[in-house]
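Please put together the full structure from these sequences, using the hints given.
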Amino acid sequence: MRGLSAARTGVRAVLVLAALLVTGPAAAQSMDDFFNDGVVHEIRLTLNSKDWASLKQNYKENIYYPTSLTWQGVTVPNVGIRSRGLGSRSPTKPGLRVDIDFYSANQTFLGLKSFVLDNLTQDPSMLKEWLSMAFFRRLGLPAPRESFARLFVNDSFVGVYVIVETIDKGFLGRSLGADSKGGTENDGYLFEYDYIKEYRFQYMGSNLDEYKIFKAKTREKEADAQIWGPIEDMIQAVNETPDNNFNRDVSTYFDLSKLARHLAIENFLAEDDGILGYAGMNNFYVYRFEDSQRMQFLAWDKDNTFRSVDFDIMTRVNDNVLARRTLALPQYKNDYLNTLLDAAASAMEPDAEAADKADKKDALPGWIEREIVRQYNQIRTAARSDTFKPHSNTEFEAAIEGLLTFARERAGFVKDRVAEERRR
Amino acid sequence: MRLAVLCACVLVWLPGLAAAQEVRFPPLSFRAGEFRIFLGARFHFDFNGLDSAPEVRPDEFVFRRARLAVDGRIYDDLEYEVDADLRDDRRPWRDVFLNYRKFSAAEVQGGKFKIPFGLDQLTSVFANSFVSRSLIGSQLSPGRDQGVMVHGRVAGDRVRYRGGWFRHDGDNTLYTEELDENEFVEKPPVNHTIAGRVDLTPWEQTKGRLRRLQFGVNVASGGVDDGLFGMRGRTVNGFTFFAPMYVGGRRTRYGVDGLWTSGPVSVVAEYNRVTDQRNRQGLGDVDLPDVIAQGWYLVGTWALTGENKAGGIDQPRHPIFQEGAGGFEVVARFEEMRFSSAGTGGEEPFTNPRAANVLPNRDRAITLGANWYLNRFSRVLFNAVRETIQDPVRSPLVDRTRFWTGVVRLQFTM
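Protein chains in written order, with the working numbering: chain A, 1 to 424; chain B, 1001 to 1414.
Honestly, the hints are just simulated from the structure, not real lab data. The model shown is predicted, which means the values in this text are computed figures rather than measured ones. Glycine included, every Cβ here is placed at the ideal spot set by N, Cα and C. Keep in mind that a hint or two might mislead.
Said to hold, decoys possible - Here are the simulated distance ranges between beta carbons:
hint : chain 1 : residue 1 : chain 2 : residue 2 : range
1    : B       : H1192     : A       : D224      : 21 to 31 angstroms
2    : A       : R89       : B       : N1279     : 26 to 36 angstroms
3    : A       : K60       : B       : V1096     : 53 to 63 angstroms
4    : A       : E395      : B       : G1238     : 46 to 56 angstroms
5    : A       : V39       : B       : H1192     : 20 to 30 angstroms
Quick look at the structure:
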């Protein structure tokens, strides 16, 4: 009898331990875990089947549908999702914006109020968006954290997505540090650039409606003059300040050294649809700091990067008023070129442990190449089983090869061009 | 300023009314053999300018209704009516029907007319004691639709019944305002409604105080399509405080009401309840508890100048500019309309349109009014409404749940 009792006690202990093991990790999840790019996550959405069909049918509309979200044992009910994107909108593999607080203003998920599920339809390699943002952060500029996920809707696999941290007050608070009073810097004015026409930072006159291409994402209810007046002032200053006062006057609006760094990183990544995009400015946010005129660009939507190894380092610099006038000043041109070299060095930086053992460090794969290989190995199975992606598996593999070529050759091209530019 | 404008309007209006009284309109009826025609015209002009917050409703004059009606008989047994509102561009036709009246116990009516449900809804807006119908009368009662109805009086007129089949579910759920995002009204979502109403006046043949006591019960049921077609809760001025839910299955309405008049006084009460099924409307296509819209009102009226309410205060004893100053009546209405679900589904309450446990919301309103019946053609209605929304997040005002609105209406009928 005593043996049986002991056995029962042992079974209970095992069950309790098993319960702890099952429930323990769920309780310990954090935002960092959610954006951990060392695993392919699994996200499950439960919708009414008619809503999922309607979302795909009306994929060009921003109609919200209710859903519940489950990730690693954490379930959040009462969440709103909608189709999102510009050129990436798709009826078969819709990109999704997930608003945790859409139906319940105070609801959060791991501290997040929203996130994006990028459908990766414009990038056969599936890696450009994630890799670009990681590179921005590596070089010290704030950029959304991202990780990969297999998405299930009503228990059916609907594709590989990238989880993208939304640029909102939470992101600003986490990325920009303390404000001038020692508090969290996130109560300024945040704008998402809304691409509706080809625009390259020209002054558009005093009608503030023209500047609403900078779509207010915070303080939306304030007066137009409060929101867009400083934008108009800034653009007027960029366009009309005489050359000899440009540095002094425009520096009240931008840290021009940081601006040069942002432009250089975009260029190193051969970004063809960014601030110096082929069809005008695109894919960025602007944040105006609290109680200040100072603004900062923030990177967004980088799935048109890695255009080509020989993407010139001065591409469209002269087409954009802000870039042209800033880089016309020697100190910022120097910052721009130095950042390109930093980027080249960072991209080619070998693994420290391997470098210690290797004879020829130059032959070791650089950071970008290692990251491509690591993430490719991680997502390959899921990506190849994603039958909703608009590209074939052959195109996927070829795109990965293209990225690897870029990773191996871009730094050399950039270094040569920087040297050439300095000789001029 | 707003009151000054209002007073100026009334002063402009009054001489016209006096002239109308003296001229005496000719009877607008014609007869050609067995074909009789009666013409009627009715108008409403509203001044919305007494609100406590401009966000609730902008100040404005509104030419609200211009109703022209033709009715009459063909021979003795066939009645007809054609009624249109010229101010309604989208759906101008009101009552358009034929009624075969040979047998008073079983008349047959076909065409477009009010589904027999709800005392307040079935009372003409030109005979209503208030500027607006009650919340439940305007939103939980179905309104007009196309159909066929049998109706009659039995038991020595102590019982009046109405019952019929209608194509859809009335026009009160076809929102005429600008639709919110996510709302689709491509076609009426409720089909094949069966509705019936019984009015009882058990003491009508007596001479006691209960002679004018009337009870009514009504029920209606129709099939509602799958979609975002649930009942919507709106404030008196049309702000949506409860957004439609996804529904599918049957829509069932129940209602009871009572009316008592005695000399210059009347008391009216009504309760309505609408239940929408939500079959396979949940996340993962599960069935959800029914969503319920229900409400009540209590109305009291008192003709200060002594007119008999049941006899019609719209014909004052002492019309203005003739023998007196017209008839005066004070009115008050207390009412509530609330929305919730029939169960929790084991969930916390939420506002999303597929929530198992619907986060309730409620509008409570008090309407205080004064009616000035100038003569049998004209009256002026003054209404002040205080509304209280239960959920601050779904109130029309950002910082508060309670607000006043006011309106002055000029009514002219002939």
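Now for the hints, and whether the structure bears them out:
Separation of H1192/B from D224/A is about 52 angstroms and departs from the stated range, judged on CB atoms against 21 to 31 angstroms. Distance hint for R89/A and N1279/B: a CB-CB separation of about 32 angstroms, consistent with the stated range 26 to 36 angstroms. Taking 53 to 63 angstroms as the suggested C-beta distance range, the pair K60/A and V1096/B does not conform, at roughly 41 angstroms. Restraint check, E395/A to G1238/B: a C-beta distance of roughly 54 angstroms satisfies the suggested window 46 to 56 angstroms.
For V39/A paired with H1192/B, a C-beta distance near 55 angstroms fails the hint of 20 to 30 angstroms.
The structure fails hints 1, 3 and 5 (numbered hints given earlier, in ascending order).
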